[in-house]
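For the sequence shown, the positions run 1 to 103 when full-length UniProt numbering is used.
Among the hints, erroneous ones may be present.
Using 25 Å as the maximum straight-line C-alpha spacing, the simulated BS3-like pairs for lysine-lysine come out as follows [as the list claims (entries may be wrong)]: (1) K90 / K65; (2) K84 / K18; (3) K9 / K90; (4) K18 / K90; (5) K84 / K9; (6) K65 / K84.
Hints were generated in silico from the structure; no laboratory data involved.
These numbers were taken from a predicted model, which means no experiment stands behind them.
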Amino acid sequence: MNLSTIPSKEIMPGYHGKLVHSESMTWVFWDVDEGAEVPEHHHIHEQIMHVVEGTFEFTLDGTTKTYEPGDVVIIPSNIPHSGKALTTCKLMDIFSPARDEYR
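Construct the entire structure; sequences and hints are all you get.
So this is what it looks like as structure tokens:
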């Protein structure tokens with residue numbers, strides 16, 4: 001498999017993801033439009049977010065911080081979180097268990 005051959009899906013407005021699934025994980029490579037927002041939500045999945053490019057504002061359990069390239073955020077299961085791309089961003093997310101709704 002090569003990332004260049006995986007079609008991109010717009011999962012929510014402004015969030016274009018290339019999705020890789022295994023039995024127990026989902027790995028998403030996001031291209032995010034400037035200003036695109038993810039409303040507050042939570043899920044059973046553990047999540048690790050990595051900012052590859054750009055500036056991303058992220059709120060985890062009521063605490064808001066600004067993240068830049070190289071930053072990593074660990075999001076535990078069922079903890080409320082939300083985000084907003086302050087610039088065009090490239091992000092990577094890993095979810096466990098796999099996000100079946102993204103298949």
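Here is what the structure says about each hint:
{"no.": "1", "hint": "K90 / K65", "verdict": "holds, 17 Å"}
{"no.": "2", "hint": "K84 / K18", "verdict": "holds, 19 Å"}
{"no.": "3", "hint": "K9 / K90", "verdict": "holds, 14 Å"}
{"no.": "4", "hint": "K18 / K90", "verdict": "holds, 11 Å"}
{"no.": "5", "hint": "K84 / K9", "verdict": "holds, 19 Å"}
{"no.": "6", "hint": "K65 / K84", "verdict": "holds, 11 Å"}
Consistency note: the structure conflicts with none of the earlier hints.
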